[in-house]
Structures are given as structure tokens and as C-alpha cells.
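Per the working numbering, the very first residue in the sequence shown carries number 54; after that it's consecutive.
For the record, the hints were derived by calculation from the structure and aren't laboratory data. Even for Gly, the Cβ is constructed at its ideal location relative to N, Cα and C. Treat the hints with care, as some may be off.
Said to hold, decoys possible - Now the in silico label distances, taken between C-beta atoms and shown as ranges: (1) K97 - A68: 15 to 23 Å; (2) H79 - K103: 16 to 24 Å; (3) H79 - E102: 28 to 36 Å; (4) T59 - H79: 17 to 25 Å; (5) S104 - A62: 15 to 23 Å; (6) G105 - P78: 25 to 33 Å; (7) R74 - Y111: 15 to 23 Å.
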Amino acid sequence: MLAAKTLVAHNPGTAILPIARAIAPHGRGIRFGYRTVHRAIRAKLIRAEKSGNKYALYAN
Numbered sequence: 054m055l056a057a058k059t060l061v062a063h064n065p066g067t068a069i070l071p072i073a074r075a076i077a078p079h080g081r082g083i084r085f086g087y088r089t090v091h092r093a094i095r096a097k098l099i100r101a102e103k104s105g106n107k108y109a110l111y112a113n
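Starting from the given sequences, assemble the full structure and let the hints guide the process.
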């Protein structure tokens with residue numbers, strides 16, 4: 054979750070997919086990255102704002 058927060062802090066306004074891809078370990082699949090990003094959102098490490106059909110992420 055801290056890796057996700059760090060990436061979002063350096064790339065504010067990015068979507069969930071690029072962050073999920075960046076933190077997903079090789080061989081584990083993208084679902085691991087998505088679960089990690091959503092856990093960070095629930096833990097309030099990352100703020101997600103809806104922008105059209107996707108979410109923009111910001112570090113808290």
C-alpha cells in the first residue's frame with residue numbers, strides 16, 4: 054500500500070490501472086495490484102475522485 058501511495062504522490066491525478074500495473078509483482082497478475090490500490094483507498098492513504106468513467110488518484 055505504501056508503494057501505491059508513493060507512486061500516486063509522484064503522479065497525482067493518475068488512473069488506477071497504471072498504479073495497479075506498476076505494483077503488481079510479475080506472475081501474480083493485475084488483480085493483486087487492483088486489490089492493493091483499493092486497500093490503500095479504504096485505508097485513506099489514497100483519495101480517489103471520479104472523473105468521467107474513471108477515477109483520478111491523489112495521495113492523502
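Right, here's what the structure says about each hint:
no. : hint                   : in the structure
1   : K97 - A68: 15 to 23 Å  : holds (19 Å)
2   : H79 - K103: 16 to 24 Å : violated (31 Å)
3   : H79 - E102: 28 to 36 Å : holds (30 Å)
4   : T59 - H79: 17 to 25 Å  : holds (19 Å)
5   : S104 - A62: 15 to 23 Å : holds (18 Å)
6   : G105 - P78: 25 to 33 Å : holds (30 Å)
7   : R74 - Y111: 15 to 23 Å : holds (18 Å)
Hint violations for this structure: number 2 only, all remaining hints satisfied.
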